[in-house]
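Visitor: Respectively, the protein sequence lines represent chains W and Z. Under our numbering, the residue at position 58 of the first sequence is numbered 58, and the numbers go up by one with no gaps. Under our numbering, the residue at position 260 of the second sequence is numbered 260, and the numbers go up by one with no gaps.
The reader is advised that the hints may include incorrect statements.
What the hints assert, rightly or not - Some chain Z residues near chain W, calculated using beta-carbon distances under 10 Å: (1) Pro57; (2) Arg66; (3) Leu72; (4) Tyr102; (5) Asp129; (6) Glu134; (7) Val181.
Note that these hints are calculated values from the structure, not bench results. Don't be surprised by glycine CBs; every beta carbon is placed ideally from N, CA and C.
Chain residues, written in single-letter form:
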Amino acid sequence: MTDTTVEAGRFGPYGGRFVAETLVPALDELSRAYAEARADEAFEAERLDLLAHYVGRPTPLYRARGLSEELGLEVWLKREDLCHTGAHKVNNTIGQVLLAKRMGKERVIAETGAGQHGVATATACALLGLRCEVFMGEEDVRRQAPNVRRMALLGAEVHPVTSGSRTLKDAMNEALRDWVTNIANTYYCVGSAAGPHPYPAIVRDFQDVIGREAREQILSRTGGLPDAVVACVGGGSNAIGIFAAFLGDEKVRLIGVEAAGEGVTTPHHAAPLGHGRVGVLHGMKTYVLADEHGQIQEAHSVSAGLDYPGVGPEHSWLKDTGRAEYVSIEDGEALTAFHWLASSEGILPALESSHALAYLRPLSKRLPAGSVVVVNLSGRGDKDPETVQRVLEEQTS
Amino acid sequence: MSRIADAFARAKDDRRAALVIYLSAGDPDLETTIALVLAAAEAGADIIELGVPFSDPSADGPSIQRASERALASGTTLTGVLGAVRTIRESTSVPILLFGYYNPIITYGEARLVTDAKEAGVDGFLVVDLPPEECAPLHGPALAAGLDLVPLVAPTSTPARVEAAASIASSFIYYVSLTGVTGARAVALGEAAERANALSQQVGLPVALGFGVKTPADAAEVAAHADGVVVGSAIVDAAAAADGQQAKVAAVRELVTGLAAAMAK
Chain W
1 MTDTTVEAGR
11 FGPYGGRFVA
21 ETLVPALDEL
31 SRAYAEARAD
41 EAFEAERLDL
51 LAHYVGRPTP
61 LYRARGLSEE
71 LGLEVWLKRE
81 DLCHTGAHKV
91 NNTIGQVLLA
101 KRMGKERVIA
111 ETGAGQHGVA
121 TATACALLGL
131 RCEVFMGEED
141 VRRQAPNVRR
151 MALLGAEVHP
161 VTSGSRTLKD
171 AMNEALRDWV
181 TNIANTYYCV
191 GSAAGPHPYP
201 AIVRDFQDVI
211 GREAREQILS
221 RTGGLPDAVV
231 ACVGGGSNAI
241 GIFAAFLGDE
251 KVRLIGVEAA
261 GEGVTTPHHA
271 APLGHGRVGV
281 LHGMKTYVLA
291 DEHGQIQEAH
301 SVSAGLDYPG
311 VGPEHSWLKD
321 TGRAEYVSIE
331 DGEALTAFHW
341 LASSEGILPA
351 LESSHALAYL
361 RPLSKRLPAG
371 SVVVVNLSGR
381 GDKDPETVQR
391 VLEEQTS
Chain Z
1 MSRIADAFAR
11 AKDDRRAALV
21 IYLSAGDPDL
31 ETTIALVLAA
41 AEAGADIIEL
51 GVPFSDPSAD
61 GPSIQRASER
71 ALASGTTLTG
81 VLGAVRTIRE
91 STSVPILLFG
101 YYNPIITYGE
111 ARLVTDAKEA
121 GVDGFLVVDL
131 PPEECAPLHG
141 PALAAGLDLV
151 PLVAPTSTPA
161 RVEAAASIAS
171 SFIYYVSLTG
181 VTGARAVALG
191 EAAERANALS
201 QQVGLPVALG
211 FGVKTPADAA
221 EVAAHADGVV
231 VGSAIVDAAA
241 AADGQQAKVA
251 AVRELVTGLA
261 AAMAK
């Protein structure tokens, strides 16, 4: 299998449009506007110019010398942490907010968990002159206060969401409620390769620059393709962004790392691909965390960005077809990897990306020495020292 | 003719609109729900929409969100709701439509649900996040069993989408009065009801209007044009504000009586 079939917004049996009728025509409008925009040279020129000179692309592919030596592998880090705003999220928001402007929308809404997508949306809206309102679970507002302040400084209004579990899934519910109410003048900027069609395709397309660059860079630096590409998976946008360019390279193993939280044998994890069931959430058919009655369960991860009980539908299809494999890493292993990268390479990784880095140790035991592995370092850890400190204190108390 | 279609036909014979009453099943427990359904039916509800609680009701406003949370907190499941319908059927033949979201149905299994729902005495389904192009797994078994799947049409629906909705409808179409969530305040109910009436003429099926209908005066305004009137959040609020099962029954009975009387005028 060299490609995923994208037909009417489906990835195999996954994806689709499971939304209230009011939203369906808006999704049709979005599909049309997106196709027209991507075919418009002026739109693409402006987008690519902003990616180059505003976001700072291409991001480097860095050979991690300490990690490589310790593991006996060739470890290369795709440095999305060096993007403006500190994570890959901005690749997508630049594209979508340009699209919103082109569609004549005055107002952009977004959901956010860790706050990275909220900051990236607020940034793009400030740059392009659109009003921005961000929905964020009350629990996440508390956990991610620095990002709440960043969004406010960028001119965005943050709405704390008090329904349900007060985290990312509830923020997405509230964004959907706002969108259905203000559909005429509002653009919903989804942050992950998730949600109803066409969002999973739009977000993948705006993020696939990560993989296209990485593929070119590794070819020019090593003369060959990598043996494996590793990325963390919450909703799955950084993973699909780096996987997309390698889907046709059948010998390249694609490995997605979910958050195992306190362990996949406990109820406190965020690994729907490994330990969930097929269901419908937020407009898409995909693997979800749900109980035996179909009620969505709260996800748990030390990393707010992976704390989501669903996953982008293309990952569900890549799992079923076997083109990608999905594993999981516990909170403690991710924290260890956070410190490991800090001390070995002088880079503070986001806790999300730390999950992908943590998988390098078990992977090194399964690959021949000298294998080439690309890890998507999807974000920087400047937002995380407080969380790391808190967990350390909880462990020692 | 299904019991739901029959209820619209009877209302039409009486030259009035059908009154559809929404109740959140299991809010705060199923025993109360059973009592509320019976009271609403006695007080003049032509059709009952029984909301099956879901953890992520993204199309609902605060009233029904909170009701769903209360229902889930008391352990309400789809299996439990079917049990409640069985008990209700011992006392009344009022048509019952299960109203909810798709994930609990997927988990239960569409075909198995249709079998069990029919056996329990359910008349149809309305699934908020299941538009016509995705509904085949439920529509097929429901159609075969003689249960109705009720589609939604919104102010944003294009002519092609109205046709798609009409093509799967077997009893009536639910017209959403506004772009928004349940319980939102509709500004121009009369105009929305006229659009519902036009839709009914176009597709040759009864059309009920819901979202934003709260008071007997609202219901009367809608009933002047539409084939049916759905009242949901206002009922849920009235029940929630009353303390204890008896008071909740009295509150719902009073509101439904007022709605039915206003619509009969």
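Visitor: Give a verdict on every hint.
Guide: How the hints compare with the structure:
1. Pro57: holds (7 Å)
2. Arg66: holds (8 Å)
3. Leu72: This hint holds: Z:Leu72 lies near chain W, its Cβ roughly 6 Å from the closest one there, short of 10 Å.
4. Tyr102: holds (5 Å)
5. Asp129: Holds. Min distance 5 Å.
6. Glu134: Nearest chain W Cβ about 6 Å off; hint holds.
7. Val181: This hint holds: Z:Val181 lies near chain W, its Cβ roughly 5 Å from the closest one there, short of 10 Å.
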